[in-house]
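Colleague: Each chain, letter by letter, is given below.
There are 4 protein chains.
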Amino acid sequence: MVGYAFMGAAHSQGWRTAGRVFDLPLRPAMAAVCGRDGSAVRAAADRLGWAAAETDWRTLIRRDDVQLVDICTPGDSHAEIAIAALDAGKHVLCEKPLANSVEEAEAMAAAARRARARGQLAMVGFNYRRVPAMALARQMVADGRLGTVRHVRVTYLQDWLVDPDFPLTWRLDRAQAGSGALGDLGAHIVDLAQYVAGEPVVGVSAMTETFVRERPLLTGASAGLSAAGGAGKGPVTVDDAAVFTARLASGALASFEATRFAAGRKNALRLELNGEKGSLAFDLERLNELSFHDHTEPAASSGFRRILVTEGDHPYLEAWWPPGHGLGYEHTFVHQARDLVHAIATGTEPAPSFADGLQVQRVLAAVEESAEKNSAYTPIPALEAQD
Amino acid sequence: MVGYAFMGAAHSQGWRTAGRVFDLPLRPAMAAVCGRDGSAVRAAADRLGWAAAETDWRTLIRRDDVQLVDICTPGDSHAEIAIAALDAGKHVLCEKPLANSVEEAEAMAAAARRARARGQLAMVGFNYRRVPAMALARQMVADGRLGTVRHVRVTYLQDWLVDPDFPLTWRLDRAQAGSGALGDLGAHIVDLAQYVAGEPVVGVSAMTETFVRERPLLTGASAGLSAAGGAGKGPVTVDDAAVFTARLASGALASFEATRFAAGRKNALRLELNGEKGSLAFDLERLNELSFHDHTEPAASSGFRRILVTEGDHPYLEAWWPPGHGLGYEHTFVHQARDLVHAIATGTEPAPSFADGLQVQRVLAAVEESAEKNSAYTPIPALEAQD
Amino acid sequence: MVGYAFMGAAHSQGWRTAGRVFDLPLRPAMAAVCGRDGSAVRAAADRLGWAAAETDWRTLIRRDDVQLVDICTPGDSHAEIAIAALDAGKHVLCEKPLANSVEEAEAMAAAARRARARGQLAMVGFNYRRVPAMALARQMVADGRLGTVRHVRVTYLQDWLVDPDFPLTWRLDRAQAGSGALGDLGAHIVDLAQYVAGEPVVGVSAMTETFVRERPLLTGASAGLSAAGGAGKGPVTVDDAAVFTARLASGALASFEATRFAAGRKNALRLELNGEKGSLAFDLERLNELSFHDHTEPAASSGFRRILVTEGDHPYLEAWWPPGHGLGYEHTFVHQARDLVHAIATGTEPAPSFADGLQVQRVLAAVEESAEKNSAYTPIPALEAQD
Amino acid sequence: MVGYAFMGAAHSQGWRTAGRVFDLPLRPAMAAVCGRDGSAVRAAADRLGWAAAETDWRTLIRRDDVQLVDICTPGDSHAEIAIAALDAGKHVLCEKPLANSVEEAEAMAAAARRARARGQLAMVGFNYRRVPAMALARQMVADGRLGTVRHVRVTYLQDWLVDPDFPLTWRLDRAQAGSGALGDLGAHIVDLAQYVAGEPVVGVSAMTETFVRERPLLTGASAGLSAAGGAGKGPVTVDDAAVFTARLASGALASFEATRFAAGRKNALRLELNGEKGSLAFDLERLNELSFHDHTEPAASSGFRRILVTEGDHPYLEAWWPPGHGLGYEHTFVHQARDLVHAIATGTEPAPSFADGLQVQRVLAAVEESAEKNSAYTPIPALEAQD
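Residue numbers (full-length UniProt numbering), protein chains in the order written: chain A, 1 to 387; chain B, 1 to 387; chain C, 1 to 387; chain D, 1 to 387.
Since the hints were derived computationally from the structure, they do not count as laboratory data. Given the structure is predicted, the values throughout are model-derived calculations rather than measurements. Don't take every hint at face value.
Label-pair ranges, simulated between beta-carbon atoms [unchecked claim]:
(1) D:P379 / A:A29: 56 to 66 Å
(2) A:E103 / B:R174: 39 to 49 Å
(3) A:A29 / C:G144: 56 to 66 Å
(4) B:D163 / D:Q139: 46 to 56 Å
(5) A:T148 / B:R174: 22 to 32 Å
Derived contacts from chain A toward chain C, CB cut-off under 7 Å, selection only [to be verified]:
(6) A300
(7) G303
(8) H314
Idealized CB from N, CA, C, for every residue including glycine.
All chains should be built: construct the whole structure from the sequences, respecting the hints.
Modeller: So, in structure tokens, the structure goes:
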């Protein structure tokens, strides 16, 4: 694994747990974790349960005891590491968004195609597909419970930037993060909407905004910015929020909103689909629940029902607890590890693939383009057949 | 009152009840109701409590015992009746949307200005401003409880057109209704968002869609289409749904969605505002509740609180029941009647005025224009100073 | 109508509105209202829409233009007025609880039986049976949607006595009110539970409590206690709260709680039934909703569904607004008036009858007896066959 | 650890994870797991991460590399194992309920007192105290946010016995399980109510019921009942449901309900407290949320607020994910492990202690006694001072 901050801790919990809960065809061994600061990465290895620590990812990907490289770094290093790892004959799991640009994502998808031919697999970490309620939603749409989908509406609302004195972190720096709420939150909801609806976004019309354009510089070693004093300010170079409307391939209308300025909304990834035969609604703040309205029932006794997605025949639930004993956020990483191990053991293509990640990247790029062009409707190029 | 269908029944309940519940400076007398079918309008007068029935609105507005004309007809007749009534020296209450076009709305606003100079008042029936929770929301924003508003998101979701066999009614005919979900539902949410936020929409980017382009013709006298058989179909000439993003005067980002295709959503007018100091959320399907998050409190004990808007010091509640004994939909018409009577008694301008209705009409026109122009951002002309 | 305070205002709204909204076989005329204070009752008549005012209920019940007497006074006068009115050949609607003691209630039920033989009808005002969601719940249980009922749990939580400085009103005086939360709130939930479950409570085990035993005396004419200063205190002679468990005739277990000390709960009448085939849940603070779980469905897609009880084929909804346009508290009085008018027009026994009111009174008496006897299980005598 | 079924798996997840997420003063090593079936326990050790497997708990508690014995067996073996382990100089964590009888619990509490004097600690596994929302609730009550508590109402509703064909498992056998819903679910809610309220139950009045008195015998080796055919039936010897009212030491009224017959309720442990200054409400099916009403605020802007208990300064949250990224059921076992390790490292008494477990056992015994004695109010003996 490369990187051991928030995402690294979450992935580690996934790797430690998957084989203890699920029957896996292969048991993952946590060989080594990599970071630039030697003592910090050794402490992280000890804490998180990795057998060894490395300070150079190039060394890591040459290790013989490493068959899979899990990339948990900021987006600006994804392409370089992932392509090198794939070319070195390793399977790769890469955090989302796949890259900071369409060009990088295309190169990564190409590398994944080459690797696939040699037997290596590449997967992108859109972990919310592994919330059981989202996997169930996908199944229900695929089973026709919604009929033709008319509307998709998705928001991802957080509030950690409401305070104008929150400092500049790497997530607010375009060079490192690529974009702001759009790439961080918008990437999740574009992938999730397409996954659940089972069809791609084909065009968007967008507005973006940076509400607070300057913020205090970070102080302290934790940010690697020891020269910066708290008194100074620096520019925010990414979006604070993005709102966009879209059309899906079927003709459905969609709306998206990603923001870090929704006071009181902590992790409100909300998704609703309305179809001819039914509707689904979900809120990540209540991730064990899926709301379903069956429009084929008599109106007098129908309504949105709250399915507690904790039954033994729900996706991923065969290995967990009795009904009503809910799961949490990091279970998505356990499920991600499980699914990737199965894909590797069986040699099947994992989903979401790098091609899926590239498609999301194209949507994000179209959002930025539309926002720059007076919100003009901007089509998304379809993926090439070989994708 | 002109018209006695759904809106006519609701307005009648308002006029019958306002003086029985509130202390009014004037007691409204229900002089006459008007409709084209003589026996039907007489039955309606008897049922709804009007002293007389008329079959020609021109006669109605000449009656000496009529000081106020309440217009509850489809939008295509609003301008003619309202302007004539104002010019005849009557006060006017006109259902929303104010008109079927900006041109008509401008003429109506001009007539209202002329009438105002003579002492007559004109009000447009955006009744949802009179939901106590919405009046409270407006107060809280005005009191600064939200600080600078960053986001407004509003939907108005219904589902009565999901079935493709639902017949063509006047609401699906552009000539009578002006537009579809946009004018019917979108007008409400544009007005309500501007009212609660306390600032106008200054530009929009929009998509509209007609999912079902042909529907069975209405049969039966009730539709005035006796020649049409149920076997035939006719074209739907209005939108089924409209989604649009917007900017408000302060720079806040907004998103709007109006649709009649959201299976399971019966009357889901949902409004959320996020500001620097707090957030508000509302759902018309639970109209006695307002959710409020106070972002100035410590995070550890804060969260969206559900205010039951039924306290004696909440707007309009001084006259109703003890806390927790909720109100319903038609109470908005009782409150509308109350407020208009107070305005007439005191000679003060009622709100929303015809100028407010015109402004909403301009937003709706910009939505249609943007939808036709590839979703390009379309500014809303500001109201002239004399408005 | 006798009495014109809170209940009188609510009943008046019912009488004014029923014939304007529903097709009634008879149109009620609001002949006269009665109260002891002449000028106050005349003002109330004018405000509420009654043609005349009386100051002695004995005079009222002798009027030839009065066929129905609606009793909205405190419980200590119910028996005398109701029996006299029935014996005078009038139909009677009496507010709940039917009386302040089982003895009074028995006399009233006997009077109702005598009157019934002569063609007069008597009804008790358990208005919550007329919440559409509750009528729907009753239908669903009767239709077997729940199968054998195992559990009933009902609470009625209010909070207007939490403040120890809230003054002594008539509702806190045993002589006038009979009991406290038990008779006021408990009567409602006992009736409602039995109505929805379709079977009687057969025994109870209870605890009651008076948390604040002294309160400030009322000042001012409104209380008829002008001699009392705010400085003095007087004893609270009724219960503040009652909790009891019960068995129903079928063997189901039930729990009840009535209190005026549940801070933040304004009108939380919550009812849940669990049966072999399904469950129902309701909260009066969201009175347009009924939650239903269908246990015969596959667990993977089942859950409590929120039925918006606003469809045209829901009870009472044929006359109101489109789906999703909710009703409020006082609609229960409109429905009560409608149902009583139908009963009178057709000569059929209205429900709840005085016998139903007597049965509730026996449950309340058993609760008090159990609370006095160390919570010992106390059976409820069955109603005699002629009831 | 003794036992490796549902509870064993949950505890193992706790032990594996605690030191990887929290900074612990000691790092737990998972030395050995014990079960009667040799091959099954070896498979469990491999799966769950235990270094060794034992088939006799007496051997296990003699191992030098074992300092702590975690007991995850059915209740009938708790006393014997726990007392032996404590007497052998081991710390003990014992699943709830502490024992199957008051006598056993008293012996265990006495053993814990003796062990405490020698430096060994004993803790009982009421894991729901470790739901962050419950720990926060306890803090808020202790901080006086509720003032004097007037009402406590708690239910624990499940539905896995609704189907009369669900077979007889050990949980339905009095000899193994001690009691039914009462000991399994009721023990949790009695402990939790006392913990959050900060005061003991002092007396109860109860009803219990067994709705389905015979069930199919288990077949198959998994039940250790290979001779039994599916055609036969056996008696259910425990309660299916228990409802009881109670008084707390402060005079507050409480109501409790534990059942396995609430169709559609999967794990509905619901707790509400109403105090003079505020109220709290919780539902285990939404375990990341705590509802709080602050009654000291103006009524016009107050209401139950939904606190997402995922902030960094909430109990246990310092080590987990960003706000809004919720936890699940098994996190309570991670927290339990963390707290016990801290207690051992610092030599402080863990909570809940065996004395706490004994007190709960006395409440459960009083519930059974009251149910047998016609629901008569039954006081709970206070714990002796040395407890």
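Colleague: Each hint needs a verdict: does it hold in this structure or not?
Modeller: Taking the hints in turn, this is what the structure says about them:
Range check, P379 (chain D) to A29 (chain A): about 59 Å between beta-carbon atoms, so the 56 to 66 Å window is met. A hinted range of 39 to 49 Å holds for the C-beta pair E103 (chain A) and R174 (chain B), which are about 46 Å apart. Range check, A29 (chain A) to G144 (chain C): Cβ separation about 57 Å, and the 56 to 66 Å hint holds. D163 (chain B) and Q139 (chain D) have their C-beta atoms about 53 Å apart, which keeps the hinted 46 to 56 Å range intact.
Between T148 (chain A) and R174 (chain B) the CB atoms are about 24 Å apart, so this pair conforms to the stated range of 22 to 32 Å. Taking 7 Å as the C-beta contact cut-off toward chain C, the hint placing A300 (chain A) at the interface holds, the least distance being around 5 Å. At its closest, the beta carbon of G303 (chain A) sits 4 Å from a beta carbon of chain C; the interface hint therefore holds under the 7 Å criterion. Annotation: H314 (chain A) was flagged as interfacial toward chain C, and the flag holds, the nearest CB pair being 6 Å apart, inside 7 Å.
Hint violations for this structure: none, all hints satisfied.
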